[in-house]
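Undergrad: Residue strings, one per chain:
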Amino acid sequence: MLFGILAFIALASVFGLVLGYAAIAFKVESSPVVEQIDALLPQTQCGQCSFAGCHPYAEAIAAGEAPINLCPPGGENLIQSLADLLDVEVLPMDDEEDSLQGPTVAIIIEETCIGCTLCIQACPVDAILGAAKQMHTVIESECTGCELCVAPCPVDCIEMIPVKQTVKNWRWPEPQYNANNKEAESIFTTLDHVLAENIRP
Amino acid sequence: MSQPLPASITRTIKDTLRHLWSFPGGIKLSGHKSLSNHQPISTAKIAKQLIIPLSQHIGHASEPIVKVGDKVLKGQILGYASGPVSAPVHASGSGTVVAIEEHLIPHPSGLSALCVFIDTDGYEQWIECSPLISDSSSTDDNQEAVTHRSIATLSSHQINQQIANAGVVGLGGALYPSAAKLNTAEKMHADTLIINAAECEPYITCDDVLMRQRPEEVILGILLLKKVIGAKKCLIGIENNKPEAYQALLNTISGYNNSHTDAQIEIVQVPTLYPAGGEKQLIQVLTGREVPSQGLPMDIGIICHNVATAAAVYHAVYRGEPLISRIVTITGSAIKQPQNMEVPLGTPIRDILNQAGLDENKVEKIIMGGPMMGFSLPSIDTPVTKATNCILVSEKSELATPPPAMPCIRCARCSDSCPMSLLPQQMYWYAKARDLEKVQDYNIFDCIECGCCSYVCPSNIPLVQYFRYAKTEIWDDERERNKANIARDRHEFRKERLEKAKQAKAEAARLRKEKLAKKKALDAEQAKEKEGLSQSNDNPAKSSSADLIQEAIARAKAKKAQQQSQKKNTDNLSEAQQKKIDEVNERRRKKADSEEI
Amino acid sequence: MFLAQSSPFLKPELSVSKMMLVVTMLMIPGVLTAIYVFGYGVLVNIILAIIFALTFEAITLYLRRRPIAVYLKDKSALLTAVIIGVALPPLAPWWLTFVGLFFAIVIAKQLYGGLGYNTFNPAMVAYAILLISFPAEMTTYWQTPAMLASQFEGQTLSLLETINFQLFAQLPAGMTIDALTSATPLDIVRTAVLNGSATIDEIHAEGNAFGMLGGIGTEWVNLAFLAGGLFMMRKGLISWHIPISLLATLGFLSLLFGSFELDSNPSPLFHLFSGATMLGAFFIATDPVTASTTPRGRVIYGAGIGALIYIIRTWGGYPDAIAFAVLLMNMCAPLLDYYTQPRVYGHKADERDDEEAS
Amino acid sequence: MSEYFLILISTIFVNNFVLVKFLGLCPFMGSSRKLEVATGMALATTFVLTLSSASSYLVNQYILIPLDIEYLRTIAFIMVIAAVVNFTEMVVHKTSPMLYQVLGMFLPLITTNCAVLGVALLNVQTGYGFFESILFGFGAAVGFSFVMILFASIRERLAVADVPEIFQGAPIGLITAGLMSIAFLGFSGLDKGLN
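Chains as they are written, first to last, in our numbering: chain Z, 41 to 241; chain A, 7 to 603; chain V, 17 to 374; chain E, -8 to 186.
Derived by calculation from the structure, the hints in this document are not laboratory data.
By construction, the Cβ of each residue, glycine as well, lies at the ideal position given by its N, Cα and C atoms.
It is possible that some hints are incorrect.
Said to hold, decoys possible - Using 30 Å as the maximum straight-line C-alpha spacing, the simulated DSBU-like pairs for lysine-lysine come out as follows:
hint, chain 1, residue 1, chain 2, residue 2
1, A, K342, A, K51
2, E, K85, A, K438
3, V, K364, A, K239
4, Z, K208, A, K239
5, A, K506, A, K477
What the hints assert, rightly or not - Chain E side only, calculated, beta carbon under 8 Å to chain V, not exhaustive:
hint, residue
6, V82
7, I173
8, F178
The shape of chain Z in the complex, shown without the other chains (with noise of 0.2 Å):
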């Protein structure tokens, strides 16, 4: 019995001791995951997650800190991809209803602005032209849609409207008619339907 136990505790601390000296001699630093999450995020800097701006988001998805839902913008493609990267399972978008909104730009008034500034400061992307006094304008190019100079301006001269559809940028619609669906026809094939989604004002 003792005999036994002793033998096994050698034998333990044989394989131990190998093991213990493979750590050392085989070290391997481990990737940065944080760059992979940082390059699945939709970088509009939003805030919408809680954290400030997208890459202290992928820190926190890379420490486990935050689930991988907290992304509107990105939507359930980022949800799918960053469970595909990290190997987790896909979850439901933490808020159903802003990631239902299309993308969109924010345009400023002209008549009411007032050069404050304000929203000059508050854009994470400085895609805000303009100087004190002066009249701003954003760069509609550069804008993704954070909202985050919306709340600052004192006069509310900031408004959010969806991106213009233009032929270059239009995505063909996924087919909706099948069997189960039946109720897609009138839906699908009237022009009326595609007209409407695609003309927005």
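Chains A, V and E: place on chain Z using the hints.
TA: Coordinates of chains A, V and E only, in the frame set by chain Z:
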């Protein structure tokens, strides 16, 4: 001119001897071509108002150079080409520009784009045309030889410039600016010119009648195209269901071929099998070679043009006329007199339908293009553009709306009929699940959207729409990613800027403080001196300046580190991702020049 | 009203419903032959199977909130029912059919999402489950073929008597189930070979297993299914890949191994024209939903089934092996599809390998 | 020779570890959502099973039996397997990043898998020699890999199927595994028939 054998005979012998290849899949369709290909080409009445879209081609839209209120003449330039891949747009009638605004254009999306509106004056007054070769219609004995000599005197660049100025684009459906394509072909030393005269889609006959009735224009256009790229060989591929057009071309060619051996043009009949007129398929049938995936025909030394494009080139060079009209097939069983009509671009489709006799009670669908690859028009108030080869107005029994899609039963009819050897069933499966990566793994970007798969599907699944959906979604994702990259850069830049500003502020504050301290110390020293104490005060000052240097170095280092640590989305990509990005870039570069059907 | 729909706008005549119906129709010659050979039990089986199939289909569709009429009209359940009806022992009690159809329609088909989504051939799932769960019923209720009935002075049942037996397990007075039934040719050969009780020649001499081509009685059924299958192939309803590669592999293997030990290995013809070979090759293995879809994949798929049939028939634990062979290859179909993708136009032949290596 | 062949046939098909013996179901269900992952898992399992049947045989034969402490067999095997696998993982991680990407993350997972211990114990029970043990372990692993990869390819397809909501994910996976198991019953008797 010795003539041992009539050219038509040698030609026939050559034809039978010529080895043709075949492409996988394909489907047999009933052509419905006799509806419209017997009548001569009619001319459309000039419309009261022309609506001319500024983007009638692949690439950048042209920039308008006319203002509202300007008087324009027929053939006058309205918008100039705004980039390397772009084409000018011309007025197709004389009159007054009344508006430059958005209007519904013929596009499956039903969206609007910028158009120039011209109220016509009815005078049809041309601007002065400057042809490169005067087209003397005098019956010269040796007219062909003369023509050919005059082509030889022109430089390739000269001709191409004329083509570019005339706004000629690929009229087979690709709408790629011809001059840009010829330029690339010349640079890449394409040695074979293939003229696509297959016109494999049912109902469409505009190329057929063009070849029957104006073979001269087609052949001269081809000679010009050949001259531009310096091609050694020229093949015309024509489906064998157009014997009249074949004969007409043959008769015309024989004259040129006999008088000038270097003008050799070979015309080849190919079996009627949809989509034999697809650029890639035609090349495969005629040469047995395949255009590399994501590549261009030029990669294998081939350039492909449509017969209608050749005719447009003829007009540009021989008459100096820009591309302001095209032949449109108006057909379908809801049209009283199906026919081919030469229509000025910008004419509202409603006008030409009325001229051909629209049976309003029968109308079920109005399709622009053929039934396999066209799209249903959002409205008949859209104008005819360079892309409009056919307006198909069907009645209910003709093209029925499909019943609801059943689930895919994986019968593989689609993959058996796919001319590209794709697996539509798998692409559909993943497109439906929105697994865009997998869809790309199954080579969705090799799909030419010919519609064979949807046509044969017993479950009525709109496969082509799924693939278009997946493609546009993938492009959209790419745009989003690019935008995210820009946003990240800008955000990082902003952070850095703010940091710098903060540091500058802090620095200034510190300097102020130091100054104050120094002053105080000095004051104190002076006071001490006054008190008569002799004590050295060098050390503190020295140390503080050393500190300053240290700090500056540290700052510089930090800044450097920060710059180095600036990351882009593209920095941490796996090999596969990088590969995909490369593919995408490659595709984008070449996407514009896709198939001509 | 203008319609916004993606091209193409031409629609062909063919539909899933029509395909299924034609395939079912082409089974009729085989079914009629089977009724002639094995008695009215086959007919009763088929009718019961159709009733159960449509009922189960309707109930599950209702529970799944899917349009019932649309999916009943696609006739895929009908085809499954007819296949099960023919495959079951002719005198199978009604509950065998009931259990079989439950597994086929509810478990193997609807739980996977219904038409088009099932991984396994529903009919074969049913058959395999029944064979494992009720081996006695599945092997003993084979009515003696008409060709042998006179020879063995076996009794036959009228239609009413058959119904009475299958539904209520009541035989006419004086009849026993043993007198009515006999082992199938495949079973006879296998038992003899396994036990070493008789050589092939001896079985031949006995005359209760071998007909002119294959198994006595079943050879005619096989011929009828072959005819129906060839017609289907001609009409382009099925491609040649699966049936031809299946039959070729089965024939080749039986020829190869048969030439070593003539005593214990029946001829290739016996393998091809016994049991459910032709039914399996043309009507079961070609079920598009569960088969491989690429050209090369289909050849491998068919060859795999053929090989498995031979292996299990010869060395395995079951006299006929269509069900297991088909199920085993069903499992492989997704993988086959993945690895046998055809070379896409404009791609190099070895591109896929490169991609995998990188 | 034919004996070795029979061991292989038996472990791969007739007595498939997953579908007939129901061992190693955890990785079978857990890592089969994607084909690539499943392939990695399968390769790693093949590696571990072969290695562990060899090492456990050696430990049993040259340590446990001579020292007469066979009653510690189970725990000894667990330890040996865990140690060997962990060691290999570290070596692979350091020396071959490519291989590590394929096998790496799965190696520690399978260490504690019942199939691995099962193979080691069954080897001892059946009294296999060294090569037979290795072959048995390898065969079991090939059988495992085979069904694992097939199962993953099926599940990839199922992920898109119109499966009723309550059956999505693991339930339909288990039903599929059950049906696969039924199909594998077709091989039963094959080992006897071939003998």
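Undergrad: Each hint: holds or not?
TA: Cross-check of the supplied hints:
1. A:K342 x A:K51: holds, 17 Å
2. E:K85 x A:K438: Distance ~41 Å between E:K85 and A:K438 Cα, so the pair is violated.
3. V:K364 x A:K239: holds, 26 Å
4. Z:K208 x A:K239: violated, 37 Å
5. A:K506 x A:K477: Measuring from Cα to Cα gives roughly 43 Å; hence the hint is violated.
6. V82: With a minimum Cβ separation of about 23 Å from chain V (threshold 8 Å), the hint on E:V82 is violated.
7. I173: Cβ of E:I173 sits 5 Å from chain V, so the hint holds.
8. F178: holds, 7 Å
Hint check: violations occur at hints 2, 4, 5, 6; the rest are consistent with the structure.
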